[in-house]
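Participant: Here are the chains, one letter per residue:
Number of protein chains: 2
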Amino acid sequence: MTDRNRLIYLPLGGAGEIGMNCYVYGYGPAGKERLIVVDLGVAFPDMDGQPGVDVIIPDIAWLEERRDRIDAIFITHAHEDHVGAVGHLWGRLKAPVYCRRFTAIHAIRKLEEAGHDAGQVRVTLPWPEAVTVGPFTVQFAPVSHSIPEASALVIDTPGGRVVHSGDFKIDRDPVVGEAFDETLWRQIAQDGVTAFICDSTNVFTRHPGRSESQLPEPIGELIAGAKGMVVATTFASNIARLKTLADAGVANGRSICLMGRAMKRMVTAGVEAGVLTNFPKTLSPEDALDVPRENLMLIVTGSQGERRAASAALGRGSYLGHELKEGDMFLFSSKTIPGNEVGVARIKNALAEKGVDVIDDSHGFYHVSGHANRPDLEAMHDILRPRILIPNHGEYRHLREHAQLALSKGMTGIIAANGTMVELSGNAPGIVDYVDVSKTYLDGTAFVGALDGVIRDRMKLALNGLVAVALIVDEDDVLLEDSWVQLRGLPEVTNGGADLAEMIEDDLAEAIPRIDARTVMDDDKLEEAVRRIVRNLCLTEIGKKPEVAVLISRLMAA
Amino acid sequence: MTDRNRLIYLPLGGAGEIGMNCYVYGYGPAGKERLIVVDLGVAFPDMDGQPGVDVIIPDIAWLEERRDRIDAIFITHAHEDHVGAVGHLWGRLKAPVYCRRFTAIHAIRKLEEAGHDAGQVRVTLPWPEAVTVGPFTVQFAPVSHSIPEASALVIDTPGGRVVHSGDFKIDRDPVVGEAFDETLWRQIAQDGVTAFICDSTNVFTRHPGRSESQLPEPIGELIAGAKGMVVATTFASNIARLKTLADAGVANGRSICLMGRAMKRMVTAGVEAGVLTNFPKTLSPEDALDVPRENLMLIVTGSQGERRAASAALGRGSYLGHELKEGDMFLFSSKTIPGNEVGVARIKNALAEKGVDVIDDSHGFYHVSGHANRPDLEAMHDILRPRILIPNHGEYRHLREHAQLALSKGMTGIIAANGTMVELSGNAPGIVDYVDVSKTYLDGTAFVGALDGVIRDRMKLALNGLVAVALIVDEDDVLLEDSWVQLRGLPEVTNGGADLAEMIEDDLAEAIPRIDARTVMDDDKLEEAVRRIVRNLCLTEIGKKPEVAVLISRLMAA
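Note that the protein sequences, when read in sequence, are chains H and Z. Position one of the first sequence corresponds to residue 1 (UniProt numbering), numbered consecutively onward. Position one of the second sequence corresponds to residue 1 (UniProt numbering), numbered consecutively onward.
Because the hints were derived from the structure by calculation, they are not lab data. All values derive from a computational prediction rather than experimental measurement. Among the hints, erroneous ones may be present.
It does not matter which identical chain is used: a pair holds within one copy or between any two.
Below, in silico cross-link-like pairs of lysine to aspartate or glutamate (DMTMM-like), each with a Cα-Cα straight-line distance of 20 Å or less [as the list claims (entries may be wrong)]:
no., residue 1, residue 2
1, Lys335, Asp361
2, Lys544, Asp452
3, Lys32, Asp156
4, Lys94, Glu65
5, Lys544, Asp46
6, Lys264, Glu286
7, Lys545, Asp54
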């Protein structure tokens, strides 16, 4: 290793998955680079993979060990998968957090909730304002996305210019916020771009992206035709959509009521940051009760089927005094994120049972994506003409497709999933190292490693059920024949009508006298022997091998 | 109630959900109707709702109580959601099973596996052959679908003619099996149709359905361009697709190898039933190892992401000696059923990591649905012109949309979800009763009711983890201070570094002396007291309230 300076890129989250974004850039001699962090996001757990977990955050062990080399944290925008972990992780990194004003409102709240110093958040103006930290000069270049003030980062180092796209789309008329500014991007490209780290979410979508400004017309027509109450749901953070929906409601003689904590918080933040102007006057849920339903429009949270959000509550019954009925209309102005289909369908079905007309994209054109589709990705490639393209913000198949697209256009496309360190500088840029990265689960207040086995054990309980067995070894080291058995998540009665717990106790009473003294003296061996007896009986009786917890109480001579 | 005869319809599964089809028709005086059963299908569980369950079957308690009135069971086609429960449930109904030959092969195997008399399966020829049982005359009218010999049932009674569509699409050139025969359907409609019970799966899909015969060309072109091994997956039962895929492989100089038990079983059944002719010669997986990869095509199971199927195995590593690598191609000639998205994406990502080109419908036109799209549903409505249309085979939102479509066309559309009994005859047909129906889970070999709480308890274990506590009450009714604690699915060590199980034991040792004697004497009260102590401590230490199993051993005086 020489002491020459190098420019490196290392994704710790968000590359090889969608969610939990966390990227590192470094510049300096190998192993001594100064570092900046881009985004500290969360991912959301599901029953299939992380039951009971509150939120998934990046594994930042590598960063934490190098904390003294971190010059700053940059947050591209205020979506949870980019800013959501800043409260959970800041205390382990303790570097200043740079972001734009709307994003800062959210970052500050998260730091405060976690008991950290909100003064660490430094509000930054967009391009051409520049932040210089260590060897890095960073500018926030506005992009359009589905939240205000989303930004790409233009990162200049002595090793070259990197453009980190963040989440973006090309929208020349985004209703709220900054339109795509081709002149700006051509200016950024002018002196050469070493590497473009680019959003890959929609690389499989072949038609050009559509503009937010195409929505007011069809949504207005839909509401104009509604006879009862109108309810619309979308992501709370999609403030442009909230405005489109609310404006369409008002234009059709409806008062607007926002429901759901996140929704009100986002609108307040939008007004506070100055990005949301002319949002119609809204009624409180209570005041809205006095409005005839044909003059009312609710805009609510829960477009992804979240069980605790307003949409799900309205599906189940009434929410804050409002109840939907035959002839009302419910609009999903949103896309269902893969994995949420069943939860969203559950709400649509519950609403249909109430006689509500449920409208979604299968009925017309009521949503546009916040991510660049394939032709728009190509347009950005063509403007920036980077030496290297590294796809991020995608599952592995998105990264591969995007890298192949880059190759087909004469760029160097490098697939770098989480933990892959890429040198961007030098004569032969490419992968230089692999770092072990896992994921961290926030489970209640405990941090649990994804590989710790804790959650795997919970899934085993869910799949197999549990038999708990209490045994007593008396003062003379004799294992008593009586055991106490409890079942969890197993049928109490077999198909034959017998009590399963009693059968297990009887079976153990018969087997225990045959367990030899050496086994009785050894906790592990005794547990294993009892587990085997219980599992074999259950396999015979109910066709299942349950988990078995054996609790051995050893009585001491008084 | 008079003794006039009535014609009734009662769905027990499949109406208000997709899967687990089971419908009842009855004719006779109210409460004394003779009955026939149409389909006995299963639904598949998921981690989100039924962890560890093997399969979900209809709750047939209502039918079982009226077993003496059941004249026959009819199976429309051999998909698992129509025939899958025949082995599990036949013993409780014991009526002859009528179906066409290809379906019979599967029904017979299922009866045999369950130890029932396979002779109960009566192979029936299609229209105009008729089966007369009790007051019913039933004809199997061929429809196109994604499996051979799918049939609608034309059910004639003195109360009128009912057409039960089964799963169907309109395909005038289905590659394998019977084409849509408009003349036949006009003939069926000629004398008037009282009720049309109709598939609703694709009611939200607005473009006309596409024919299986449109696929050979694009699939052939795709394979012609492949450089390495080609693997394709689809539903094993979609024999037309298997033939399309295999023919395209052979036409491009490739030997064909089928992988996965279900796939081989289906092809064998297709040949045996005479519906599959000219299927190319296939190689065994072992012999296929000798074929150069550019001359080989594997057709494999697992298009829905099933972890144990061939597709998943090839994603993880090698399967039967075959391993995919850079430059190979993997085609999903299938649609992902809602709920399976994450599992399918897992395989696609694993394959992408190996450098395999994963092709699906986002790349072109490689799949057609087996269900009638909205315009095709309308075409069937227009041919049959039924007095009543009752949507089935759909979630509630599908049923509602389909009923509204019927209304908009001047028919009487009745939404009848599982348990809704509809009279089809008389002057004012409509809902006449509601029957309590649940679902039954086959869990190992045990039948568990969906409302029994067993599976709900397993989900609680998955979400909250478990603390098992063993306590001893001695011969003098004194609760010993020592307890024995085991954790399952909880972090062993708190964020502060303490051993959680030990903390619980210490906390209990402190609390136990304060538990009064009356509580100690009462199992329920003592359990509740201990549970509260444990949950409060855990809430403080790890921010979670776990499930708690308390095992109280009461020692008896010797």
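Participant: For each hint, tell me whether it holds in the structure or not.
Facilitator: Results of checking the hints against the structure:
1. For the homomeric pair Lys335 and Asp361, the shortest alpha-carbon distances inside one copy (8 Å) and between copies (18 Å) are both at most 20 Å.
2. Taking the closest pair of Cα atoms, Lys544 and Asp452 come within 20 Å of each other only across two copies (18 Å); inside a single copy the shortest separation is 26 Å, beyond that limit.
3. Only within a single protomer do Lys32 and Asp156 lie at most 20 Å apart by alpha-carbon distance; the minimum there is 18 Å, versus 84 Å between protomers.
4. In the homo-oligomer, the alpha carbons of Lys94 and Glu65 lie at most 20 Å apart inside one protomer (12 Å), although the nearest pairing across protomers, at 69 Å, exceeds that limit.
5. Proximity of Lys544 to Asp46 under the C-alpha cut-off of 20 Å is restricted to the inter-copy arrangement: shortest distance 17 Å between copies versus 25 Å within a copy.
6. Taking the shortest alpha-carbon separations for Lys264 and Glu286, only the intra-copy value of 15 Å comes in at or below 20 Å, while the best inter-copy value is 63 Å.
7. Proximity of Lys545 to Asp54 under the C-alpha cut-off of 20 Å is restricted to the inter-copy arrangement: shortest distance 13 Å between copies versus 29 Å within a copy.
Against the hints set out earlier in the document, no violation occurs for any number.
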